[in-house]
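Start from the sequences and build out the full structure, keeping to the hints where you can.
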Amino acid sequence: MALLLYQNDYVEIFQEAEIFYVKSKMRGFTLDMFYEILKEFPTIRITSFMNLKNVLNHAPRGPEPFGEQRERINLRVSDDNLKAYMTLYINKEELSSNNRIPLVKEVFDTLNKAGIVFGINTKLLAGPLKAGVEYVIAEGFPAVNGEDAEIKMYELSTLKPKVVDSDKVNHYELNLINHVKEGDWLGERKDPTPGFPGKNVRGKPIAPIPGRNFPLLYDCISVREHYENGVTTLYSKKNGAVYYKGDTIGVYDYLEIKGDIDFSTGNIDFDGYLSVKGTVEDNFSVIASNDLEILGEYGVGAADKISSTDGNIYIKGGIAGKNKAMVRCKKNLYVKFLSDITVECDGNVYVGFYCMNSNVRAKQLIVESPKGKIIGGKIDVDIQVSAAEIGNRTESRTLIRVRGFDRNAMKIELDDTLHNINENKKNITRIKQHLQVYGSSYQLTSEQIETYNKLKNEYAQIKEIIKELEYKVRSLNEYLKTPGEGAVIAKTRIYPKVRVEIKNQYEEILKSEPMITYYSKDNELKTM
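When we follow the working numbering, the leftmost residue of the sequence shown carries the number 529, and every step to the right adds one.
Treat the hints as calculated values from the structure; they're not laboratory data.
Calculated cross-link-like contacts (lysine-lysine; reagent style DSS-like; alpha-carbon spacing at most 27 Å):
1. 805 <-> 786
2. 633 <-> 611
3. 651 <-> 727
4. 953 <-> 1000
5. 611 <-> 658
6. 995 <-> 690
7. 906 <-> 891
Taking CB as the label site, the calculated pair distances span:
8. 755 <-> 641: 48 to 54 Å
9. 568 <-> 738: 51 to 57 Å
10. 832 <-> 936: 42 to 48 Å
Given the structure is predicted, the values throughout are model-derived calculations rather than measurements.
We put the CB at the ideal spot given by N, CA and C, even for glycine.
Structural data, given as structure tokens:
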């Protein structure tokens, strides 16, 4: 027996079981008008638009089936099961606050059948509700993933000299060696956190992703670790100088001479870092395998030899060698001034204030003070010579030779070096992934420990290679900033009796010239 739900002069709507029928009496009733009627019947879901359209457009016609009974309470759960949505298809009377108790019971029954048992929004059910509107009926909470281990490490000082030049004082300051004492802090790692589990609307826990642990890379011979309250701290086992081999921190042997190198000490030849608080007396020599600093305020005189076989040299007070002293270093030389001395340096020579009557062989010679001078002597470099003044008013004979370079070949060398860095970084990434796996495991077999140690050594070696390659890239980029293919730069003035030679092209300076740069381009010596 069909139940009449609605009628007017144009249409009638019937229900039989869960199927809804429409009948048209006469033309003139549109689909939009019909949809307005359906707002009063939210339980009806249209299943055949074609039947509905035909009945309305070809009146009189019907009855024809056009819809079916909706679920009174429609539920939808998000893919991650963190939210459940509810849409009610219920008449206004049932949604009123007077009939809310049976509706709430029906909602809870429906939620339970769907397995939605956690985070139900009961306040929503007590407030105003509308049919056909989707509400968030339940909400879980996501897991809070753990935080990765936090690592802080000792930072090496940057090799950047500070020039202080005033009427009363001039200093050339540089922190070359990173000194530490036994028990000094070298780094620390804060443990990763496990995170907090979440829970979805079905009441099931959501496991967090624990934070990743990262290895602390250090030299076990010179560095120790101490674990307390979730923090692993690294301390120096001895007095020494901090160094990094790749990412592995260590403390190298370090010798400090509190006074001068003289008859009380004899000549010094030390395998490590060496710091001399005083000076090197005449005829004495000092050799270090790594960085060497001589910190006496009054500098060095006619010492026999000052040498670093693999590192840098810093001479705070300058050196007046009396045409006897010899300085050699593998990397860079930093010195307040040079006078009457021979220098052989595989890297650059940075002079604070002046270079006078000295023979210098290096990659570059840079006099850094705005009043800096090169006067007399023979300067032989590969890339560039730069100073405020070259020569002097008394026309001291000054010979400047720049061997020059092939810019295209240097660019190719730079590209090849960058390619090598990228290849090594790919290897580093692969090894680092393995290290993280081993570092996150708290129980390793002896075989795994051996593999882990081999990986750490391989990681450190490749890191050291990358470090050297990146140093080379910085140097090449700096060299490529040089005008032409070799340059002599007089920032303030160049004087007569200076001979400038670049890539076998030379010029004798016959008159004083202000602010001039000589450079080689297309096998010609040019100026700007």
